[in-house]
Amino acid sequence: MNTMRTTPVGTGAPVGTGSGQEVTGLARINGPLVVVEGVGGVGYDDVVDVEGPDGDIRRGRVLEAGENLAVIEVFSGTSGLSVGDTKVRFLGRPMQVPVAEEMLGRVFDGLGNPIDGQPDPLAEDWADINGQPVNPTARLYPQDTIRTGISAIDGMNTLVLGQKLPIFSGNGLPHDQIAAQIVRQSGLLTRGDSNIGAAQFAIVFAALGVKHDVADFFRDSFSSAGSLARVAMFLNLADDPAIERVVTPKVALTLAEFLAFGRGMHVLVVLTDMTNYCEALRQVSSARGEIPGRKGYPGYLYSELASMYERTGRLQGREGSITQLPILTMPNDDITHPVPDLTGYITEGQIVLSRELFQQGIYPPVSVLPSLSRLMKDSIGEGFTRRDHPHVASQLYAAYAAAQNARSLASVIGEEELGVVDQAYLKFGTTFERDFVGQGPRENRSVEETLDRAWQALSTLPRSELTRVRDDEIDAFLGHGFSRSEAGRSEAGRSEAGRSEAGVQKDAVSGRAW
Amino acid sequence: MIGTEVDLQRVGDLTWVNGPVVRARGSSRIKMYEVVQVGPEHLVGEVIGLDHQMITIQVYEETSGLRPGTAVYGTGALLSVELGPGLMSSIFDGIQRPLPVMERRSGPWIGRGIQLTPLYRKREWHFKPSVRVGDAVVGGAVLGMVPETPLVAHKVMVPPALSGRLSQLAPEGNYTLEDEIAVITDDRGDHSITMLQRWPVRNPRPYRSRLRPTELLVTGQRVLDTFFPLAKGGTAAIPGGFGAGKTVLQHQVAKWSDADVIIYVGCGERGNEMSDVLRQFPELRDPASGRPLMERTILIANTSNMPVAAREASIYTGVTLAEYYRDMGYDVAMMADSTSRWAEALREISGRLEEMPAEEGFPAYLPARLAEFYERAGRVTTLGGDRGSVSLIGAVSPPGGDFSEPVTQHTRRFVRCFWALDKDLASERHFPAVNWLRSYSQYVDDLSPWWTDSNAPEWHELRERALEILQREDHLRQIVQLIGADALPDDQRLVLETARLLREGVLQQSALDDVDAYTTIDKQVGMLRLVLAFHDHGSRLISKGCPVTLVRDLPAVERIVRIKQMVPNEAVSQLAMIGQALTAQMTELERRYS
Ligand SMILES: Nc1ncnc2c1ncn2[C@@H]1O[C@H](COP(=O)(O)OP(=O)(O)O)[C@@H](O)[C@H]1O
Ligand SMILES: [Mg+2]
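In order, the protein sequences belong to chains E and A. Numbered per my numbering, the first sequence spans residues 476 to 989. Numbered per my numbering, the second sequence spans residues 33 to 626.
By construction, these hints were calculated from the structure, which means they are not laboratory data. Keep in mind that this is a model prediction, so the values were computed, not measured. Every residue gets a Cβ at the ideal spot worked out from N, C-alpha and C, and that includes glycine. It is possible that some hints are incorrect.
Here are the simulated DSSO-like pairs of lysine-lysine, each with C-alpha atoms no more than 27 Å apart in a straight line [claimed, not checked]:
hint, chain 1, residue 1, chain 2, residue 2
1, E, Lys902, A, Lys154
2, A, Lys455, E, Lys852
3, E, Lys770, A, Lys576
4, E, Lys562, E, Lys686
Coverage of chain A stretches by chain E, computed from C-beta distances (three or more under 8 Å per stretch; other residues unrestricted) [unchecked claim]:
hint, region
5, 123-135
6, 299-308
7, 464-477
8, 509-520
Start from the sequences and build out the full structure, keeping to the hints where you can.
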């Protein structure tokens with residue numbers, strides 16, 4: 476997408492001190508960095524305009540400010556710059572972007588310039604892209620369950636309004652489809668004391684170095700769900716300048732914060748692919764000659780990622796919320812790689828996709844054992860979803876882990892040699908993957924159906940194996956699973972009416988979210 | 033510490049800004065570790081390097097927009113904390129700024145250059161003297177008491193370095209932190225004492241002598257108390273990959289342990305976890321007193337999105353507060369989640385200084401810093417003659433969950449409890465995911481007398497036997513993976529069965545279940561006794577030819593697994609009934625096979 480930009484963002488932005496300082500000539504160019512000498516009093520992290528010999532203006536940022544020297548990263552790269560003829564203008568303030576409600580429904584490049592052919596949105600405010608850290612005492616602990624209609628998520632890794640829950644994926648796995656399905660199907664489960672539902676919903680989508688067809692896929696998906704007018708898209712695509720990616724998520728989150736906490740909206744932020752962001756950061760770091768941490772990524776990658784992922788959540792006394800759904804591809808499917816590893820240390824869980832399940836044709840191929848939702852513990856069960864939910868989820872984890880053991884034993888001694896209990900676990904594993912995890916990309920299950928399917932899978936096991944669920948839950952729900960399985964599996968999207976006899980409460984969805 | 037009451041002097045001019053590290057040229061009189069204020073916004077920083085005219089400073093606030101040429105002000109003071117009534121129930125950031133006050137000042141987002149005193153000056157506290165004018169007093173001696181919260185009586189102490197004769201003493205009454213409550217006279221003259229004192233965070237507070245840690249820190253967590261116990265005044269590390277359960281385990285210890293005072297340091301972790309604590313602790317009740325847990329807790333929150341240098345300071349801020357309450361004669365437990373983020377803060381600062389790294393980019397002084405930190409734990413006789421302790425529990429977050437990395441490895445050298453969390457256990461939701469084969473406690477022998485005094489003289493033996501069964505299970509499982517469990521002889525299958533009861537009935541403990549979350553010592557020992565009684569009796573039955581399946585399927589056996597949730601701590605006598613039922617059923621079986 477347009478690599479040449481003549482109208483940088485921020486032309487209308489308020490000016491800071493030290494603005495206007497202009498230097499002609501660079502001391503050095505090194506990869507994405509330029510070094511300027513003979514400048515004084517340049518602010519660290521200040522934004523600069525770099526004007527190349529042919530008059531095009533590129534945005535950049537000060538990474539290091541000395542008495543007489545400044546190191547600058549140029550977002551669109553240094554190709555075509557010369558040491559002699561390049562002008563650097565210091566704007567005297569950190570990078571700011573305009574934010575406005577009318578940015579919904581629009582498409583921007585990775586720095587926030589409109590690229591949909593329409594005029595610049597009228598700024599309601601200008602905001603520093605770095606944001607500011609939320610005071611932990613000002614946070615409201617997120618507890619409103621979102622129903623995604625996907626059993627592997629709703630049943631075992633519940634998503635909560637205001638959560639940051641990434642998808643750990645691999646190249647070629649259907650993470651985009653899953654993210655789109657979540658966006659399409661998500662609804663808030665009503666709670667007695669909750670008045671959410673009246674507020675507006677919005678989506679902020681940031682593409683970080685992904686291909687055009689990925690961006691198109693999401694656009695079509697938003698459009699077919701009728702939510703395009705509620706989406707702001709920030710696109711830094713694979714053929715856009717790589718270094719620009721280090722600011723794109725920040726620009727997107729700055730708008731999200733404005734919409735959520737300035738305008739009371741519930742904002743879902745989809746960032747894809749965070750691995751590309753990290754690689755851009757690594758490129759800058761190595762050009763600076765910094766001491767690398769693991770796999771060449773800079774030691775501050777954790778803090779950098781945290782400064783973005785933590786821009787999520789809810790605030791006391793304010794209406795809106797930010798929920799983040801970052802997507803990242805694990806290089807080599809390796810979950811210990813620094814990008815998924817550091818992400819998992821910051822986010823409130825992770826949805827891990829499995830190539831093996833994908834190859835078996837199971838959609839969504841969610842590998843439930845390494846997946847986790849940390850906010851689930853306070854948002855399910857009596858009064859939230861259904862009273863058996865916490866124990867059933869725990870039982871599924873235990874049983875599926877046992878099924879995996881039985882499988883590896885079967886591969887050694889043969890299935891026939893297995894004891895009866897292990898045989899039962901094999902059966903459980905298959906049923907669980909096929910009927911619980913597996914579902915259609917347009918299948919939208921109620922929480923009740925999800926839990927009933929869980930019991931149905933568990934009914935393949937001897938009752939003595941069900942040590943994590945309570946006796947009274949077994950009595951109330953296990954038979955229920957049986958009768959349903961005898962009646963045949965429910966069709967995709969079938970009406971849920973009339974099936975609440977054993978359910979504690981029917982899940983009422985207070986309207987679609989995104 | 034935040035120089036509101038100090039004379040500011042321009043000591044230098046900024047020459048270089050690189051993230052949280054800045055340099056200035058200036059006065060050679062500035063001190064190492066002195067607190068400075070940087071730039072027009074007076075951002076708080078600390079001197080971390082001096083080289084001729086060059087001053088290197090780590091800045092505790094975001095430095096965006098800071099420019100060379102602007103002023104650096106000295107405060108003359110080392111990075112210190114304020115000590116006095118009002119600490120308890122507070123929540124501070126890494127350099128002891130009160131976060132709720134900050135929120136009132138700058139809204140939900142943390143602004144820059146906000147100067148706040150950690151302790152509120154205007155409030156009056158009720159001081160009741162416990163000494164008399166004319167008494168000779170030494171550093172650390174208690175001058176009087178202030179009811180700080182219903183759970184904690186604050187002892188106002190003579191500052192450590194001072195001793196002399198008490199020449200004036202305020203009568204019982206209400207005073208603010210800055211009112212003079214005593215005057216101590218020594219050969220240098222009169223010294224005015226208030227309830228507000230300061231201490232530099234990087235210096236350990238002195239004590240009279242060290243004591244052996246011989247008392248259990250009762251946490252109510254079975255895998256800890258029964259299997260890998262921590263002594264009061266001891267050190268423990270909790271290494272584990274993300275999602276392994278470090279934070280929940282630390283929260284459990286903060287909630288349920290029988291320490292008098294809890295210092296919880298959230299160092300570079302999630303904001304929502306702090307709000308979770310703030311939501312729960314005022315509601316949850318201390319099991320011993322029935323009072324809200326917040327009344328004995330101080331929180332230090334420097335979350336991952338807050339400035340990285342303050343993360344480094346937060347650990348020292350926390351441990352200094354811990355030592356202060358130790359000096360009052362309390363048992364203090366401090367949790368640090370996560371010490372890896374602290375180590376990474378060191379690495380980041382070091383990297384920006386272009387210091388020569390040792391392993392994986394960490395500075396060569398990492399092990400020394402870790403050792404110094406854990407050395408501040410201990411059970412001591414205080415200067416005032418009381419007994420107090422600081423227990424330190426640090427979470428460690430190894431990259432990729434790999435324990436061979438430097439922070440885990442070095443931490444291991446300096447702690448005596450190692451609670452190794454296991455990813456596989458966590459993924460099957462066996463919590464706490466403390467791996468019973470890789471974890472250890474070096475306090476077991478020191479604590480045996482404590483258990484004997486607590487009516488469980490056989491604890492040592494029960495524990496050893498249980499661990500041995502778990503070890504045999506591990507060994508057998510490797511065989512089972514090749515041939516299946518059914519191919520094993522019955523006595524070995526009984527080992528698997530007993531180990532299952534240990535794992536599911538004893539080791540696994542849900543933090544989310546009202547009954548299971550906390551288990552008294554009596555109940556812990558009772559459960560272990562039952563499982564081992566089952567094993568002994570079962571072995572006898574099997575040697576008489578009874579098939580293991582009959583033993584396993586006895587109705588009483590399943591009840592053992594459910595004791596943790598079904599038998600409340602107060603109803604521990606029910607264990608005897610379950611034991612009797614078990615014995616009866618097994619004796620009945622035995623009759624058929626003799
Ligand atoms: N003792 C426990 N009981 C129940 N659930 C637990 C327990 N420990 C951990 N968990 C579960 O594991 C999740 C991750 O635990 P956490 O302590 O946040 O991990 P870490 O700090 O190691 O990343 C929690 O959200 C919770 O669902
Ligand atoms: Mg944690």
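Here is how each hint holds up against the structure:
1. E:Lys902 <-> A:Lys154: Violated - the C-alpha atoms of Lys154 of chain A and Lys902 of chain E are around 69 Å apart, more than 27 Å.
2. A:Lys455 <-> E:Lys852: Since the Cα atoms of Lys455 of chain A and Lys852 of chain E sit roughly 19 Å apart, the hinted pair holds (cutoff 27 Å).
3. E:Lys770 <-> A:Lys576: violated (60 Å)
4. E:Lys562 <-> E:Lys686: At roughly 33 Å apart (the allowed maximum being 27 Å), Lys686 of chain E and Lys562 of chain E break the hint.
5. 123-135: Since three or more residues must qualify, the claim that chain E covers the region 123-135 of chain A holds, with 5 doing so at under 8 Å.
6. 299-308: Holds, because 7 residues of the region 299-308 of chain A bring their Cβ atoms closer than 8 Å to Cβ atoms of chain E.
7. 464-477: violated (count 0)
8. 509-520: Coverage by chain E holds for the region 509-520 of chain A (7 residues, Cβ < 8 Å).
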